[in-house]
Amino acid sequence: MLNRTVKAAVVVMAGALALAACGTNKTESGGGGSASCDTSKGTLTIGVIAPLTGSLAALGLGIQHSAELAVAEANDKCTVKGYKLNLDAEDDTATPQVGAQAATKLSSDNTVVGVVGTLNSSVAQTVQPILAGKKVVQISPANTNPSLTKGTDLTNPKRQFPTYFRVCTTDNYQGPDAADYLVKKSGKKKIAVIQDGKTYGAGLAAAFSDRATTDGATIVDKEQVGEKDTDFSGVLTKVKAASPDAIYYGGEYPVAGPLSKQAAALGLNIPVMGGDGIFDPKYIDLGGKEGDLATSVGAPVESLDSAKDFVKAYQAKGYKDPYAAYGAFSYDAANAIISSLATTLGDSGTWSDSLRDKLISNVGSYKGQGATGAVAFDQYGDSTNKVLTVYQVTGKEWKPVQTGAFEG
Amino acid sequence: MATLLQQIVNGLIFGGLIAMVALGYTMVYGIIQLINFAHGEIFMTGAFGGLAVYTWLLPAEAQKIWYVALPAMMVGGAIVSLVVALLMERLAYRPLRNAPRLAPLITALGVSVFLQELTRIVYPGANSAVPFPNVFSAAPVHIGSITIPSSGLLMLVVSVVLSVVLQTYVNRSRMGRAMRATAQDPDTSRLMGINPDRVIVLTFGIGAVLAGIGGVLYGTYINNVDPYIGFQNGLFAFAAAVLGGIGSIRGAVIGAFVIGLIKNIADIYLPGGTAYDYVWIFILLIAVLVFRPQGLFGEVERVRA
Chain A
1 MLNRTVKAAV
11 VVMAGALALA
21 ACGTNKTESG
31 GGGSASCDTS
41 KGTLTIGVIA
51 PLTGSLAALG
61 LGIQHSAELA
71 VAEANDKCTV
81 KGYKLNLDAE
91 DDTATPQVGA
101 QAATKLSSDN
111 TVVGVVGTLN
121 SSVAQTVQPI
131 LAGKKVVQIS
141 PANTNPSLTK
151 GTDLTNPKRQ
161 FPTYFRVCTT
171 DNYQGPDAAD
181 YLVKKSGKKK
191 IAVIQDGKTY
201 GAGLAAAFSD
211 RATTDGATIV
221 DKEQVGEKDT
231 DFSGVLTKVK
241 AASPDAIYYG
251 GEYPVAGPLS
261 KQAAALGLNI
271 PVMGGDGIFD
281 PKYIDLGGKE
291 GDLATSVGAP
301 VESLDSAKDF
311 VKAYQAKGYK
321 DPYAAYGAFS
331 YDAANAIISS
341 LATTLGDSGT
351 WSDSLRDKLI
361 SNVGSYKGQG
371 ATGAVAFDQY
381 GDSTNKVLTV
391 YQVTGKEWKP
401 VQTGAFEG
Chain B
1 MATLLQQIVN
11 GLIFGGLIAM
21 VALGYTMVYG
31 IIQLINFAHG
41 EIFMTGAFGG
51 LAVYTWLLPA
61 EAQKIWYVAL
71 PAMMVGGAIV
81 SLVVALLMER
91 LAYRPLRNAP
101 RLAPLITALG
111 VSVFLQELTR
121 IVYPGANSAV
131 PFPNVFSAAP
141 VHIGSITIPS
151 SGLLMLVVSV
161 VLSVVLQTYV
171 NRSRMGRAMR
181 ATAQDPDTSR
191 LMGINPDRVI
201 VLTFGIGAVL
211 AGIGGVLYGT
221 YINNVDPYIG
231 FQNGLFAFAA
241 AVLGGIGSIR
251 GAVIGAFVIG
261 LIKNIADIYL
271 PGGTAYDYVW
281 IFILLIAVLV
291 FRPQGLFGEV
301 ERVRA
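For the protein sequence lines, the chains are A and B, in the order given.
Just so we're aligned, residue 1 is where the first sequence starts under the UniProt record's numbering, counting upward by one.
Just so we're aligned, residue 1 is where the second sequence starts under the UniProt record's numbering, counting upward by one.
Just chain A, same shape as in the assembly (with noise of 0.2 Å):
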């Protein structure tokens, strides 16, 4: 008996320990310059959902850490006044109901003053309304799916949440672009489009269709791929039936980098060209070969005169983990959110729920000089930096080939 009870307390002790774990290890403080400015009002919270784990990790994780660097600044210069920030960053795993528990966690907490997130558009569908609840004002730095704010009849758009903004464009100028540079650059006239069947891929392929066949170009085959699928040769051997001299890929890199490989290997020697889901280096460890391209929202980060100050802090705070595709966004977003913060409390304020409506129309009158250029939003939520770059995989590196403002 007395072996029966031991037992059960060891195994509630070890369940404890993990579970405090866990808690200290989500819970980063935002560095510790904090000392000398006046924090007598207590914390407040900034959240993060992004995927931490699971194959797009590596996009949010860059995602976590350039929030956490925006809020250690923040509280190095005393920005807020009365207050320390702290962030809280819960993994989504990509998945929509895990989204909708991080958000509902967050949304729970008074403290949380707003959300940088999420990564995946199909993500954001949940989490929108559960923040727009509460009023906790959300900002994304990658969904990329125009219905996000306008709603899905884009010819008579409504705004859907008046909380939620983002700092990346849409894809209604993500995937026209890419069409241009492919049909009118490149000259490919024979184009097979394939797609995860999730909100961004497939929002994406039909944004990168229409434009193409106005460009002139044919889309001689339209497939649809599993998110968890990894041997492509049935979709890739009745693309080469269609014989295409492009493919276009509306997903993310996980699926998008093997299925480049295995079209090569199938003797498909052709470009595979996607959107900012497939812009990061991991696409070329998976087998983006030589010769792919992405679009990506913004303009190359190493180049902008306004990303150098963020990449040299990033670098000097030595986060594990590369800021990645989205790191500028989430640096612009949370900063975003800290300024219109600031602004809201002014110099005496205390925060309180009452003050959110201030905060989101503070947000929404934002103008600031971001890492990604500049930052404001329009009518909708949406970023008004329409910038977008086209990269090629050159030596086993993506190289920027094109920069400018989609104008239409």
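Treat each hint with caution, since some may be false.
To be verified - In silico DSSO-like pairs for lysine-lysine, Cα to Cα no more than 27 Å straight-line:
(1) A:K105 / A:K289
(2) A:K399 / A:K308
(3) B:K64 / A:K289
(4) A:K367 / A:K158
(5) B:K64 / A:K396
(6) A:K367 / A:K77
It is worth saying that the hints were derived from the structure and are not from the lab.
The model shown is predicted, which means the values in this text are computed figures rather than measured ones.
Start from chain A and add chain B according to the hints.
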């Protein structure tokens, strides 16, 4: 026509992969009526085991010689899978040997998630997909207009050979007879001097070795692995085992090839194309189960005293 032939080849390769995993499902079920949902993860750990052997144990010269590297990786993957499977059997399933059937089933799901997350945390870089070297010949085989990846062909050949060896072993050897006896009636076989625990361990072990070798060949063919590859492939393998008649070795292999072929032929000929190929697999599965609930080669469930 060329497209059809190519799809048949693709289907056979996929079927070969699924067969190696399905054998483990079907054998374990045959002996202890446990649907071991963690078996897909045994396959996954085998792939990571092979990759670990390649990365840390093989000297650089040996990495380039496929007939040294590949067998070493297959042995390494099989050993890792074997150890994981035996630990799983000893720690998770044996304590539940006489519990209601639902308990080990739920445990299997738990073990599955545990192994996925453990691999993700323990293996360096496994937070996302890890590139896997193609140690076998990278040059594809061309027959007419059909392209067959060499590593895929190898997977198919190894799978068929191992299935035949296994079938012979179970039908001819002394231990094989013990396995069949335990499957038929564990209590009587114990009276006949068979140690059921030994038979069960052996069954888990054989299934794990096959899955481990399958994992390494899968990595060589697909060229990247992540901790979640066991889930989807395990699901197809389970479907193959049920389609062929769970408990039957021949059934699992044939079920796997049927699933591979249906998937790839649905891509070109059935409505919905590539977006609906999985739907057709499971429609077929349901159709077979409606008319033959025991599967294609399965035996009607025996009533046990």
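Tested hints:
1. A hinted pair counts as satisfied when its Cα atoms are at most 27 Å apart, and K105 (chain A) with K289 (chain A) does not qualify at roughly 41 Å.
2. Taking the CA atoms of K399 (chain A) and K308 (chain A), the gap is near 18 Å; set against the 27 Å cutoff, the hint holds.
3. For the given pair, K64 (chain B) sits about 22 Å from K289 (chain A) by alpha-carbon distance, which is consistent with the 27 Å threshold.
4. Taking the CA atoms of K367 (chain A) and K158 (chain A), the gap is about 23 Å. The hint holds against a cut of 27 Å.
5. For the given pair, K64 (chain B) sits about 21 Å from K396 (chain A) by alpha-carbon distance, which is consistent with the 27 Å threshold.
6. With a C-alpha separation of about 19 Å, the suggested pair K367 (chain A) and K77 (chain A) falls inside the 27 Å cut-off, and the hint holds.
Checked against the numbered hints given earlier, this structure breaks only hint 1.
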